[in-house]
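On the provided structure of chain A, position chain B as indicated by the hints.
Protein chains: 2
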Amino acid sequence: MQTQFLLTQNDVPTQWYNVQADLPAPLPPVLHPVTLQPVGPQDLAPLFPMELILQEVSQERYIDIAQPVLDVLKLWRPTPLFRAARLEKELGTPARIFYKYEGTSPTGSHKPNTAVAQAFYNKAQGVAKLTTETGAGQWGSALAMACNFFGIECKVYMVKVSYQQKPYRRSVMRMFGANVTPSPSEETEAGRAILAADPDSRGSLGIAISEAVEVALKNEDTKYSLGSVLNHVLMHQTVIGEEAIKQLDMAGVQEPDVVIGCVGGGSNFGGLMLPFMRANLRDGAKTRFVAVEPMACPSMTLGVYAFDYGDTAKMAPVVKMDTLGHDFVPPGIHAGGLRYHGVSPLLAALHHHKLIEAVAYHQVPVFDAAALFTRTEGIIPAPEAAHAVRAAIDEALDAKEKGEERTILFNLSGHGLLDLGAYDAYLAGQLENYAYPEEKVREALTRLPQVSL
Amino acid sequence: MQTQFLLTQNDVPTQWYNVQADLPAPLPPVLHPVTLQPVGPQDLAPLFPMELILQEVSQERYIDIAQPVLDVLKLWRPTPLFRAARLEKELGTPARIFYKYEGTSPTGSHKPNTAVAQAFYNKAQGVAKLTTETGAGQWGSALAMACNFFGIECKVYMVKVSYQQKPYRRSVMRMFGANVTPSPSEETEAGRAILAADPDSRGSLGIAISEAVEVALKNEDTKYSLGSVLNHVLMHQTVIGEEAIKQLDMAGVQEPDVVIGCVGGGSNFGGLMLPFMRANLRDGAKTRFVAVEPMACPSMTLGVYAFDYGDTAKMAPVVKMDTLGHDFVPPGIHAGGLRYHGVSPLLAALHHHKLIEAVAYHQVPVFDAAALFTRTEGIIPAPEAAHAVRAAIDEALDAKEKGEERTILFNLSGHGLLDLGAYDAYLAGQLENYAYPEEKVREALTRLPQVSL
Chain A
1 MQTQFLLTQN
11 DVPTQWYNVQ
21 ADLPAPLPPV
31 LHPVTLQPVG
41 PQDLAPLFPM
51 ELILQEVSQE
61 RYIDIAQPVL
71 DVLKLWRPTP
81 LFRAARLEKE
91 LGTPARIFYK
101 YEGTSPTGSH
111 KPNTAVAQAF
121 YNKAQGVAKL
131 TTETGAGQWG
141 SALAMACNFF
151 GIECKVYMVK
161 VSYQQKPYRR
171 SVMRMFGANV
181 TPSPSEETEA
191 GRAILAADPD
201 SRGSLGIAIS
211 EAVEVALKNE
221 DTKYSLGSVL
231 NHVLMHQTVI
241 GEEAIKQLDM
251 AGVQEPDVVI
261 GCVGGGSNFG
271 GLMLPFMRAN
281 LRDGAKTRFV
291 AVEPMACPSM
301 TLGVYAFDYG
311 DTAKMAPVVK
321 MDTLGHDFVP
331 PGIHAGGLRY
341 HGVSPLLAAL
351 HHHKLIEAVA
361 YHQVPVFDAA
371 ALFTRTEGII
381 PAPEAAHAVR
391 AAIDEALDAK
401 EKGEERTILF
411 NLSGHGLLDL
421 GAYDAYLAGQ
431 LENYAYPEEK
441 VREALTRLPQ
451 VSL
Chain B
1 MQTQFLLTQN
11 DVPTQWYNVQ
21 ADLPAPLPPV
31 LHPVTLQPVG
41 PQDLAPLFPM
51 ELILQEVSQE
61 RYIDIAQPVL
71 DVLKLWRPTP
81 LFRAARLEKE
91 LGTPARIFYK
101 YEGTSPTGSH
111 KPNTAVAQAF
121 YNKAQGVAKL
131 TTETGAGQWG
141 SALAMACNFF
151 GIECKVYMVK
161 VSYQQKPYRR
171 SVMRMFGANV
181 TPSPSEETEA
191 GRAILAADPD
201 SRGSLGIAIS
211 EAVEVALKNE
221 DTKYSLGSVL
231 NHVLMHQTVI
241 GEEAIKQLDM
251 AGVQEPDVVI
261 GCVGGGSNFG
271 GLMLPFMRAN
281 LRDGAKTRFV
291 AVEPMACPSM
301 TLGVYAFDYG
311 DTAKMAPVVK
321 MDTLGHDFVP
331 PGIHAGGLRY
341 HGVSPLLAAL
351 HHHKLIEAVA
361 YHQVPVFDAA
371 ALFTRTEGII
381 PAPEAAHAVR
391 AAIDEALDAK
401 EKGEERTILF
411 NLSGHGLLDL
421 GAYDAYLAGQ
431 LENYAYPEEK
441 VREALTRLPQ
451 VSL
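Chains as they are written, first to last, in the numbering used here: chain A, 1 to 453; chain B, 1 to 453.
This is chain A alone, in the form it adopts within the complex (with noise of 0.2 Å):
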């Protein structure tokens, strides 16, 4: 049986796909944090050049993929596509398991896909210097590389429990030449808000995005770039689900009963999925989309869709998604990527036109699916992917109790080789499942924006 599907490097896309102009209804305005009126393009300027937002705002279908851009990206892309053969037989189903993997990129990960086009498009209108955030530390080494490639300057706010859980990823930052700060940090004003609030802060994806973007706004040769939630980022990330269309087209798939990806801003499900999603909208195709999120940060299916900002500190604009509330900070799982407290608008208005489903798993379980995977597949997953894994073994397991032959797609996102203290936890048996956050989150939600649009 085939089990691996490989593309050439011609097969690799030569154009983005822009789901916003296939989508049910406009995607409701992006407001000035300060006013919480609608911004246009000029009130994003200071934070990304001209480029990305004219992407973030088109209503194209189809955007060129620059040539310098592509060239970066045919250093690893095509990814493969495999059939779970093993992982099948082990589950006894007659679902038919697909995974696209992202994995053998350089830094491990999808996040080159955008890392790549931002740092291109920085570059070209003379950016010197670009700061970010970075959960577990795959969107931090992404653009480290990025920003090398095209030489940028590139600061890296790591979320302090990343920091101390993966200190590999620091170290691949560092290679590529990037400065890299455990936030909160003493750096910022927003950092030292928080540390005098919580020495012991450790962080969380939303107050490294304030600190990233205090740093972008007080600097004129310095912007803020964004691994997930956005339009663009999202957009950037369709080669995965463009490329995987035609792999399964190779194993005689037209239409995979189900597609799956883990989310914490959504940039990795968004890139599989949105490609699929345009069957739907457009070929009345009828794929199922699950969405997979850590019980711990449960944003789409604890959240609700409302305006919320994007960071802690109010400094980034104000976006509707499914939110469990600005300042809500999740416990430290070992799934950092995870970790944010909202979701690409992009996905909260799929899922609110029910055009996506979402799911919540414990850390544990997910662990245990991961551990399944690599024993069958050989590919130890990173923890964020593993939610992926997790359901999508429900998936198999769910078709097998109903005698259905389901066809399964989910992106295994990235490889956890630099996410082993993750696993040395979870095999000493000391990995925590923790409690739902359902209090946090409601005290959380009494602080949003008071929007009347």
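It cannot be assumed that every hint is accurate.
Note that identical chains are pooled: a pair holds if it fits in a single copy or bridges any two copies.
[As the list claims (entries may be wrong)] In the DSSO-like style, the derived pairs of lysine-lysine whose C-alpha atoms are separated by at most 27 Å in a straight line are:
| # | residue 1 | residue 2 |
| --- | --- | --- |
| 1 | Lys246 | Lys74 |
| 2 | Lys402 | Lys74 |
| 3 | Lys218 | Lys129 |
| 4 | Lys246 | Lys123 |
Keep in mind that the hints were calculated from the coordinates and are not lab data.
Positioned in the frame of chain A, the structure of chain B alone reads:
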């Protein structure tokens, strides 16, 4: 310019190439460690399953790869071949630099190519448990994965200095269910003897081999597995070179000018190089072959071609090879996989016949090359593979000086994502160039076995 050359799953070789069929002279015999007399297949049976012993001595040019082995290899093979266009540009060289990348395997190196075959043939003979040694952990994690796939227990003695330097490789082995012990250990007579003489011993591959061999010899249901050195191991690795030949052909290259690989025991270099050597031996091709080793453990550049024990405690068979003496303990360089006192008898014979050149480098220039490679090609090399990178860069610079359009191929045998402690030390300026160990070697060579053949 095309920079990535990808094959399909159908291009994975179905036969191994056995260079013994084409050697200028037969290999010298293998000797019993006690009698120092030539051994027959039965003498090796306590250590290895008969099928591997027969492969070890076979004179057949091609040997079929068993289907269950191929099925597992196809979890990650074929591996990509890249043209290092960005590195070439940075060097300003007219040379074309290609590299075969084995880091896309689940454990991140070429080692699973033989681990899978060895686990399969042991399982087929009913072996319950395999013991082995590992340096940096690339081999141990590969065998752990392979044993997991075929349902065999796996016990790994990991050289203590690497056990401390690379904690995450232990975690990988444990994820695949292996038992890992730092060597020298109190578990074996060999280990206890070393510790009695030097309680602070940081270990060596030679010592760890003694421990693993001892356990295999003392237990009926247990055999021993070696990750390099032996003929059948290098043969299992020839899938690398066979794929590379097809991929270079896609790039319009029929005969590279030089093929380069790092050498500890010699398996990754042999795997890439032997199928190209076939063209030299049979078809009059003129490719040069360069083995690269660390100055700290220079078996081919400083050692002698002589019969010596494969391990420190004199329990492993005696073979004719380039050796530094079986009790030579190299300094604790970060390229733990290259800390072996000898080298594959196959490579030693080819070296003796002047069909292979050898060069040695100090640690710091090797890491300098790795850092340059990281910033141009995006991949952080394993410290072992970085030796090949250094030599490839120097070939390209030599070609530049001479104005030659040289075609260079090297093996990037693994990534360094689990070796980042070494890179942290490098970035902090804390790496040492260990002294060239000439006196220690001269002394160790006084203890070679006295063989009258």
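Against the structure, the hints:
Both within a single protomer and between protomers do Lys246 and Lys74 lie at most 27 Å apart by alpha-carbon distance, with minima of 17 Å and 20 Å respectively. With identical chains, the CA atoms of Lys402 and Lys74 are never at most 27 Å apart, being 42 Å at best within one copy and 31 Å at best between copies. In the homo-oligomer, the alpha carbons of Lys218 and Lys129 lie at most 27 Å apart inside one protomer (12 Å), although the nearest pairing across protomers, at 62 Å, exceeds that limit. When the C-alpha separation of Lys246 and Lys123 is checked against a cutoff of 27 Å, the pair qualifies neither within a copy, at 32 Å, nor between copies, at 38 Å.
When the structure is compared with the earlier hints, violations turn up for hints 2 and 4 and for no others.
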